[in-house]
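K.L.:
Chain by chain, the residues run as shown.
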Amino acid sequence: MQKFISLNGLVAPLDRSNVDTDAIIPKQFLKSISRTGFGPYLFDEWRYLDHGEPGQDCSNRPLNNDFVLNNDRFKGASILLTRANFGCGSSREHAPWALHDYGFQVILAESFADIFYSNCFKNGMLPIVLDAHKIEELFQATEDNPGFTLSVDLEFQQILTPSGEKISFDLDSYRKFCLLNGLDEIGQTLSHQKEIAAFERNHLEKHSWLNQEVR
Amino acid sequence: MAGKTLFDKLWESHEVRKNDNGTSLLYIDRQLIHEVTSPQAFEGLRINKRGPWRKDANVAVPDHNIPTKNRDKGVEDPVSKLQIDTLASNTAELGITNFDMSDPRQGIVHVIGPEQGITLPGMTIVCGDSHTSTHGALGALAFGIGTSEVEHVMATQCLVQEKSKNMLVRVDGQLKTGVTAKDLILAIIGRIGTAGGTGYAIEFGGGAIRSMSMEGRMTVCNMTIEAGARAGMIAVDQTTIDYVKGRNFTPSGPTWDKAVKYWSTLQSDDRAVYDETIVFEAASIKPMVSWGTSPEMVAPVDGKVPDASDPAKAEQTNNALKYMDLKPETPMGDISFDKVFIGSCTNSRIEDLREAARVVKGQKVALNISLAMVVPGSGPVKAQAESEGLDRIFLDAGFEWREPGCSMCLAMNADRLEPGERCASTSNRNFEGRQGQGGRTHLMSPAMAAAVAVEGHIVDVTKYYEN
Ligand code: SF4
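For the record, the sequence lines run as chains Y and A. Heads up: the first sequence runs through residues 1 to 215, numbered per this note's numbering. Heads up: the second sequence runs through residues 216 to 682, numbered per this note's numbering.
It should be emphasised that the hints constitute simulated quantities derived from the structure, not laboratory data. Incorrect hints may have been included.
[Said to hold, decoys possible] Taking lysine to any residue and the SDA-like style, the derived pairs with C-alpha atoms no more than 25 Å apart in a straight line are:
hint, chain 1, residue 1, chain 2, residue 2
1, Y, Lys194, A, Lys576
2, Y, Lys3, Y, Arg201
3, A, Lys378, Y, Gly55
4, A, Lys264, Y, Gly52
5, A, Lys296, Y, Asp184
6, A, Lys380, A, Lys296
7, Y, Lys134, Y, Asn8
8, A, Lys460, Y, Val214
9, A, Lys391, A, Lys380
10, A, Lys476, A, Gln453
11, A, Lys473, Y, Gly182
12, Y, Lys75, Y, Asn65
13, A, Lys264, Y, Val129
14, A, Lys391, A, Gly414
15, Y, Lys206, A, Lys537
16, Y, Lys194, A, Leu610
17, A, Lys576, A, Leu610
18, Y, Lys3, Y, Lys206
19, Y, Lys206, A, Ser239
20, A, Lys296, Y, Lys75
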């Protein structure tokens, strides 16, 4: 797993609630059997005016100039600022893969859908929940100040604004630990192999029908 | 002392250990695998030289990409073909059972699990697919996971999870004739919203749920994720036991008796405490139809498309109306259609097809409908429908009768909407572009979709039940 420790980055505002994972990465790109290369197709239906297909070279495709990520002001952004229930819908991990491949490492939102939230951490990304009022202030600041950046520090669970304001955020300690250390979660779980094997023996004995082979 | 909820019981019986930080290591009984969210997980196992912990716990099936006609020609799209072939080779390499395209048991992963007895009460079940919540209808703890977690379960048979809170959605009374499980769950999502269940496991209870068939219960649990909750579940009762009995991989003999005894304990205690309880009156629910681009944007069949007067929702409403090309205050009955899709893991079981056929029988598909299709959820559903003559009813009316798969629910195969087309769909998501870029989806029950097919526009299907 990739590490995340801290980041100072440009903020891009996506002013919508309920952004679903179908919008983040449309289904045709899910046919890929690899984990990389999704960045050019991030938000494909909003970002381009034509229909995209996997493997297509995006450099000559017609851009939708109304879409925020096509605005030069936000080129190179690594922090995505958005509204409530971001990442709802399909469980596709291709959504965080696409966001990360594009360059986003931090997402600030009022709330996230559960599966998406959990998927982010597996890919070195930090989703941060802030209250609606704070999110609104950040939207305002992003609009008012071209080149608006934020510094995000995971260790201290703190965001620093250019004006010196400190915003703290909550995070589950296990997720924080894994992200800071780039821990292999499977390896972590396997360190309990004996316990798992003992549980399993007892569980399958008690519920013997669970041992039925499906052929 | 406070009692335990069904969710508490399922959770505790699978807890291998509690970690210091409040998470638990949860044992997973069954993992279902499909072609789209698994290749990168198999690759991860290979890179790290890890094997499957318990290969029998996994069952795979291709469904998302699979063609629904001319199967003898194989999979034409080379990219889809590679993904389906990759599933076959990955599962063969690890010795995991795969119901491939030629297997009569092949179908949508959430339809075949319960149908084959691969899904049983009391299990923990995961799949790299958000609609895994479907399996909770059998009194199981079932939820969708991402690809990294698919790999985690294959390698360890466990997942690190934080326990969700408990929510009870109680539906008192009985649904009116012609009002189905789909209408109920759309009404629930319409009330609590697409994030209403975030952080919760939802148990559905009350008289309307108790008298619902297993197919209906699966429809309700299937769309729990559309209300934001990863898991939906329903207590085990006689309906559950009767459904499970005699399926391919259901236990038999003395093991069956032992299993039934255990399954019969899978209900919430009388004094169980929920963090949240929401009550619905079943009799007040009407057939529901979605008008927008989120499953919470729904209206009763006799209602209207809303205006954007609620300032908190104005922007969302306006975006949705623009995408859907609808004017505020349009009566739902005035919306007319181009296509009809009856299928998906929400509504492609035998009961769904019977409901739709009942409306279609002796009628013809309306002239403005360019395509009406029925895609059964699995090989056995298709065979059962054909033995009842349902295929003839649909074909005679002008429907297409296809092979099982996800099909136009997400349009990864050739079945899709063209830009601007409007579709009456029994699937679960009306997101922008879900059924094809620029396509417009209205979610509804199989009976309602069948009525759209024959009348060309939205009608209240309860009138078909009057005599
Ligand atoms: S039918 Fe639709 S929702 Fe169900 S598993 Fe297939 S794509 Fe997903």
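K.L.:
All hints, please: hold or fail.
P.N.:
Status of each hint after checking the structure:
Between Y/Lys194 and A/Lys576, the direct Cα distance comes to roughly 60 Å. Violation of the 25 Å bound is thereby established for this hinted pair. Straight-line distance between C-alpha atoms of Y/Lys3 and Y/Arg201 comes to about 35 Å, which puts the hinted pair past the 25 Å bound. Of the pairs offered as hints, the one joining A/Lys378 and Y/Gly55 is violated, with about 40 Å between alpha carbons and a cut-off of 25 Å exceeded. Distance restraint check for A/Lys264 and Y/Gly52: the Cα-Cα separation of roughly 36 Å exceeds the 25 Å cut-off, and the hinted pair is therefore not satisfied.
Restraint check: the Cα-Cα separation between A/Lys296 and Y/Asp184 comes to about 32 Å, which exceeds 25 Å; the hinted pair is violated. Distance restraint check for A/Lys380 and A/Lys296: the Cα-Cα separation of roughly 41 Å exceeds the 25 Å cut-off, and the hinted pair is therefore not satisfied. Distance check on the hinted pair: Y/Lys134 and Y/Asn8 sit about 19 Å apart at the alpha-carbon level, within 25 Å; holds. Among the hinted pairs, A/Lys460 with Y/Val214 is consistent with the structure: their alpha-carbon atoms are about 16 Å apart, no more than 25 Å.
Using a Cα cut-off of 25 Å, the hinted pair A/Lys391 and A/Lys380 is violated, with the two alpha carbons roughly 31 Å apart. With a C-alpha separation of about 12 Å, the suggested pair A/Lys476 and A/Gln453 falls inside the 25 Å cut-off, and the hint holds. Distance hint between A/Lys473 and Y/Gly182 is unfulfilled; the C-alpha atoms sit about 45 Å from each other, more than 25 Å. With a CA separation close to 13 Å, the supplied pair Y/Lys75 and Y/Asn65 stays within the 25 Å bound.
Between A/Lys264 and Y/Val129, the direct Cα distance comes to roughly 36 Å. Violation of the 25 Å bound is thereby established for this hinted pair. Using a Cα cut-off of 25 Å, the hinted pair A/Lys391 and A/Gly414 is violated, with the two alpha carbons roughly 32 Å apart. With a C-alpha separation of about 57 Å, the suggested pair Y/Lys206 and A/Lys537 falls outside the 25 Å cut-off, and the hint is violated. A C-alpha spacing of about 58 Å is found between Y/Lys194 and A/Leu610, which places the hinted pair above 25 Å, so the restraint is violated.
About 10 Å separates the Cα atoms of A/Lys576 and A/Leu610, which keeps this hinted pair within 25 Å; it holds. With a C-alpha separation of about 41 Å, the suggested pair Y/Lys3 and Y/Lys206 falls outside the 25 Å cut-off, and the hint is violated. Taking the CA atoms of Y/Lys206 and A/Ser239, the gap is about 21 Å. The hint holds against a cut of 25 Å. Under the criterion of a C-alpha separation no larger than 25 Å, the hint pairing A/Lys296 with Y/Lys75 is inconsistent with the structure, at around 36 Å.
Consistency with the previously given hints fails for numbers 1, 2, 3, 4, 5, 6, 9, 11, 13, 14, 15, 16, 18 and 20, ordered from lowest to highest.
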